[in-house]
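> Chain by chain, the residues run as shown.
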Amino acid sequence: MSQQAALFTPLLVASVVFFSWSLYRRLSLVGLGKPESGKIDFASSIKHMLVYAIGQRRVLRQPFGFNHFIFFWACIFLIFVNVEFMLEGIFPAISLAGLPAPIYFSICLVSDILSSLAALAVVIAVIRRVFFPPYPQARTLEAFFLLAVIGVHMLAYLGICATEIALGEESAAAYMPVASQLAGFMGGMTANGLASLHTFFWWTHAIALMIFLNLLIPYSKHLHVFTAIANCFLRREDKPSIQPLEEFVAGNVFGTGQVDRFSRKDLFDSFACTKCGRCQMVCPAGNTGKQLNPRAVINDIKVNLLKNGPLLKQGHKAVMPLIGDTGEGSVPEEALWDCTTCGACMEACPVFIKQMPKMLLMRRHLVEEEAKFPEELLNLFENMESRSNPWGIAPSERTKWCSQLSVNPFEQGVTEYLLFVGCAGSFDSRNKHVTVALATLLDNAGISWGILGKEEKCCGDSLRRLGNEFVFDRLARENVALFKEKGVKKIITQCPHCFSTLKNDYRQYGLEVEVVHHSELLRDLVQSGRIKLQHQATELGQTVFHDSCYLGRHNDVYEAPRALIASATGAIPAEMERSRENAFCCGAGGGRMWLEETEGERINHNRVKEALTKNPDTICVSCPYCMTMFEDGLKDVKAEGVRIRDVAEVLAEAVLH
Amino acid sequence: MLIVACIKQVPDTTQVQIDPVTNTLVREGIPFIVNPYDTHALEEALRLKDRFGCRVAAISMGPPNAEGTLRKALALGVDFAILLSDRVFGGADTLATSNVLSAAISKLHTEIDEVGLVLCGKQTIDGDTAQVGPGIATRLAYQQLTLVDNVEDIDLSAKRIRVRRKLEGRHEIVEAPLPAMLTVVRELNRPRYPTVPMRLTAVNAKVEVWNNQVLMLDEQSIGLKGSPTWVSKIFSPERAKGEILGDGFADPEGTANMLIEKLLDKDMLTV
Ligand code: SF4
Ligand code: SF4
Numbered sequence: 001m002s003q004q005a006a007l008f009t010p011l012l013v014a015s016v017v018f019f020s021w022s023l024y025r026r027l028s029l030v031g032l033g034k035p036e037s038g039k040i041d042f043a044s045s046i047k048h049m050l051v052y053a054i055g056q057r058r059v060l061r062q063p064f065g066f067n068h069f070i071f072f073w074a075c076i077f078l079i080f081v082n083v084e085f086m087l088e089g090i091f092p093a094i095s096l097a098g099l100p101a102p103i104y105f106s107i108c109l110v111s112d113i114l115s116s117l118a119a120l121a122v123v124i125a126v127i128r129r130v131f132f133p134p135y136p137q138a139r140t141l142e143a144f145f146l147l148a149v150i151g152v153h154m155l156a157y158l159g160i161c162a163t164e165i166a167l168g169e170e171s172a173a174a175y176m177p178v179a180s181q182l183a184g185f186m187g188g189m190t191a192n193g194l195a196s197l198h199t200f201f202w203w204t205h206a207i208a209l210m211i212f213l214n215l216l217i218p219y220s221k222h223l224h225v226f227t228a229i230a231n232c233f234l235r236r237e238d239k240p241s242i243q244p245l246e247e248f249v250a251g252n253v254f255g256t257g258q259v260d261r262f263s264r265k266d267l268f269d270s271f272a273c274t275k276c277g278r279c280q281m282v283c284p285a286g287n288t289g290k291q292l293n294p295r296a297v298i299n300d301i302k303v304n305l306l307k308n309g310p311l312l313k314q315g316h317k318a319v320m321p322l323i324g325d326t327g328e329g330s331v332p333e334e335a336l337w338d339c340t341t342c343g344a345c346m347e348a349c350p351v352f353i354k355q356m357p358k359m360l361l362m363r364r365h366l367v368e369e370e371a372k373f374p375e376e377l378l379n380l381f382e383n384m385e386s387r388s389n390p391w392g393i394a395p396s397e398r399t400k401w402c403s404q405l406s407v408n409p410f411e412q413g414v415t416e417y418l419l420f421v422g423c424a425g426s427f428d429s430r431n432k433h434v435t436v437a438l439a440t441l442l443d444n445a446g447i448s449w450g451i452l453g454k455e456e457k458c459c460g461d462s463l464r465r466l467g468n469e470f471v472f473d474r475l476a477r478e479n480v481a482l483f484k485e486k487g488v489k490k491i492i493t494q495c496p497h498c499f500s501t502l503k504n505d506y507r508q509y510g511l512e513v514e515v516v517h518h519s520e521l522l523r524d525l526v527q528s529g530r531i532k533l534q535h536q537a538t539e540l541g542q543t544v545f546h547d548s549c550y551l552g553r554h555n556d557v558y559e560a561p562r563a564l565i566a567s568a569t570g571a572i573p574a575e576m577e578r579s580r581e582n583a584f585c586c587g588a589g590g591g592r593m594w595l596e597e598t599e600g601e602r603i604n605h606n607r608v609k610e611a612l613t614k615n616p617d618t619i620c621v622s623c624p625y626c627m628t629m630f631e632d633g634l635k636d637v638k639a640e641g642v643r644i645r646d647v648a649e650v651l652a653e654a655v656l657h
Numbered sequence: 001m002l003i004v005a006c007i008k009q010v011p012d013t014t015q016v017q018i019d020p021v022t023n024t025l026v027r028e029g030i031p032f033i034v035n036p037y038d039t040h041a042l043e044e045a046l047r048l049k050d051r052f053g054c055r056v057a058a059i060s061m062g063p064p065n066a067e068g069t070l071r072k073a074l075a076l077g078v079d080f081a082i083l084l085s086d087r088v089f090g091g092a093d094t095l096a097t098s099n100v101l102s103a104a105i106s107k108l109h110t111e112i113d114e115v116g117l118v119l120c121g122k123q124t125i126d127g128d129t130a131q132v133g134p135g136i137a138t139r140l141a142y143q144q145l146t147l148v149d150n151v152e153d154i155d156l157s158a159k160r161i162r163v164r165r166k167l168e169g170r171h172e173i174v175e176a177p178l179p180a181m182l183t184v185v186r187e188l189n190r191p192r193y194p195t196v197p198m199r200l201t202a203v204n205a206k207v208e209v210w211n212n213q214v215l216m217l218d219e220q221s222i223g224l225k226g227s228p229t230w231v232s233k234i235f236s237p238e239r240a241k242g243e244i245l246g247d248g249f250a251d252p253e254g255t256a257n258m259l260i261e262k263l264l265d266k267d268m269l270t271v
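Residue numbers (our numbering), protein chains in the order written: chain A, 1 to 657; chain B, 1 to 271.
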């Protein structure tokens, strides 16, 4: 055994043992979580892994994603080369050079180019992080150290190849353009000098490798090289807006107030985070100076698990609170109330971490176990319980919006559709106009529809997103029972929150009916000619469309409202910078509609200003909450002369006026 | 020490209408709520429990379905919930009601623990008399501290209480020996919200029902027979002045203009 092998062998063996132990010790903490229900669909899991992990699709959505793409492929390829390196260090007889020449030469060529590109990518990444960090807190020692080790590793690899070429020991020299260039610089060196240089590079490379194994992979965000791929495999396509049911029997614990009350997948997510900050950069709360930062929340869960996990495993008490203002490892209570549940974070995350549902689990804990929540919510919760609507208005007033119209009650066999008016559509004075427009259009198209009148109750969306699952559960059960009793088969909603709740959440309660958002139904009615336009509503001028999170991101309805505006006005609506999947929330989702917004910039101001950059005459929305937020926002920023219209009102303009 | 909170189930008056023909309250299908002022009395009792570790009993006189009101109190953390329910208690005015409630409080005093405080809402939203609390204090010869908006201090060893009363345009701080009866206003506190585990425990917790076989009161002092007050008529007052003009929903702009015109006409706006 050579001296080098004698030294390297025990080091490598120790490293591999330590590496495995570290990984086991950390990742086994995931087992503390609650088992996940639901099966894995292998075909789609493999597909996700290929597209998103191997193909890096979401990573590549950003310009700097290409840099990561290089790292990723260099890393994949160099794994082979590194395994060879390690084995060759122990058994010098094992070498890739033993492979058939075409294969060996190809490997050499690709490795040479990839490692050079990766070294270049390190330089670009460092410059970016110093001068244009992805998020303000991104300049961490961890990140720079990691980049440095990658850089050193790549350079050392090239150095080894170059010295071997200079020594004339490399048969594939002609296939290693970069290493050959470097070897050219070593022309004047003696054989001894070259041998020492080779040893230097060899050990530098070996040490870099061991830093990866012992430190960076198990103990830094670099762990994502394994966990991120696994997370793409484990991606679930269920709608993220649905939270798990709770069983309300005495003795149960509700929500997540301690880290082991998350699911295993939730805990695994925290290990998959790459700290890329994409979630934070799209978050409406994080973008407007609120406490909430989804990246930090995921990190807090991980830190908390690492601290409490080993104790909990041994049956001790947790020492670090999951929710609290005690620094890293605890999620600040206030931050939890900042989330609008817009889903932008989940859409942006390259490794499919679900940030938002974790926050809702913690909200549940606060509401259900501790009855701790912002005081504005007390009224909301009580109104929902006693009068089944957020404002606490008497249910008998649900039909006031149609006092001037003749509207039928829903009756099985007589009316086809149930128009689920929703609380805003029933009580909010601005949104009542939308309901009237919709009702008139439905009559115009000859649709047979009816309402539940004072029997209608809130769908419970805000309750569920605010963590009051107990009251939500009760409302949902009552609503589902009523729909079933009345024989409802098809439901029209004009509110994306009702839409999503009835369509997705109520499935958990066994409701299987057709639910359409009015924008989809109206689009179809126009396209099939059942609604005839009288003229093109050009009086609305330049339009711009704002996506509702619960229609767009949560339910993938992007085209219907746009098509509707286009046919009604004869012109395609303008798009904001952040639109469709990347649309920015109006600020009202997740129950934030009922909460004060005192910290930072108001989310609706941010969005209204963005809309105004398109110089619209009319801003079009498809959600009563967006309507309220835009109406308020426009008044606040004093944008005179700009109108807000729901898509139904836009169409009504072209059909009825 | 035991603190007694008196609570009442009332119809949700925002949803009550008066039958124009019979001039009576239409109560059918109207949900019941806990009298809002009483929720503050209950909250204060629970806060004192948290602070001093005393026990709290919630009592309510009403029909059997008023049990729901007491379950809510149990979900919030009271130790005892007692429903005073009997046909012979029915039709009671404030005098007869305070007779029943006082008898119940005396019984709690002898059977459970010394009663130090009785807390009531300042009035109910259905009767609006504000007499039952003072009636209890009179029957039991307790100190009577009405319209309390802050409990300044309680000295359990010296058995004294100091409270702030909210009066028209001013406050008054008064001190009294215990036992005392307090009626409270909304400013006193912010009622808590029940946790789910407490709600679930409350479902199976015991609500004791005491009828007149338990309280053994003279039938002449309770219910209709014990009530000198009679309600002869309930009606909505005629609209003395004013008329409804325009339709703000159909024509907001025109209606707003009309309003401005009218106000200008009557010289209520300066241009
Ligand atoms: S759901 Fe929206 S508001 Fe909530 S954390 Fe994610 S991006 Fe932020
Ligand atoms: S949660 Fe996802 S998007 Fe956010 S920092 Fe981590 S990896 Fe990036």
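Careful: at least some of the hints might be erroneous.
[Stated by the list, open to error] A few chain B residues that don't get close to chain A, going by computed Cβ distances all over 10 Å: (1) Val185; (2) Arg199; (3) Leu200; (4) Val203; (5) Gln220; (6) Thr229.
[As the list claims (entries may be wrong)] With a cut-off of at most 30 Å between alpha-carbon atoms, the simulated DSBU-like pairs for lysine-lysine come out as follows: (7) B:Lys262 x A:Lys638; (8) B:Lys49 x A:Lys317; (9) A:Lys372 x B:Lys49; (10) B:Lys166 x A:Lys372; (11) A:Lys400 x B:Lys241; (12) A:Lys400 x A:Lys34; (13) A:Lys307 x A:Lys372; (14) A:Lys454 x A:Lys489; (15) A:Lys34 x A:Lys432; (16) B:Lys262 x A:Lys400.
Note that these hints are calculated values from the structure, not bench results.
Since we're looking at a predicted model, the values are computed, not measured.
Every residue, glycine too, gets a C-beta built ideally from N, C-alpha and C.
> Are the hints correct? Go through all of them and say.
For each hint, the structure was consulted:
1. Val185: Check passes; 18 Å lies beyond 10 Å.
2. Arg199: violated, 7 Å
3. Leu200: The claim breaks: leucine 200 (chain B) does not keep its Cβ more than 10 Å from every Cβ of chain A (closest is about 4 Å).
4. Val203: violated, 7 Å
5. Gln220: holds, 38 Å
6. Thr229: holds, 29 Å
7. B:Lys262 x A:Lys638: holds, 29 Å
8. B:Lys49 x A:Lys317: Holds: lysine 49 (chain B) and lysine 317 (chain A) sit about 28 Å apart, inside 30 Å.
9. A:Lys372 x B:Lys49: Cα-Cα ~19 Å, so holds.
10. B:Lys166 x A:Lys372: The given pair, whose Cα atoms are some 29 Å apart, holds under the 30 Å limit.
11. A:Lys400 x B:Lys241: Given that 30 Å is the threshold and the Cα spacing comes to 25 Å, the pair holds.
12. A:Lys400 x A:Lys34: violated, 47 Å
13. A:Lys307 x A:Lys372: Given that 30 Å is the threshold and the Cα spacing comes to 25 Å, the pair holds.
14. A:Lys454 x A:Lys489: Judged against 30 Å, a Cα distance of about 20 Å means the pair holds.
15. A:Lys34 x A:Lys432: Roughly 44 Å between the alpha carbons, so the hint for lysine 34 (chain A) and lysine 432 (chain A) is violated.
16. B:Lys262 x A:Lys400: Distance of about 26 Å is within 30 Å: holds.
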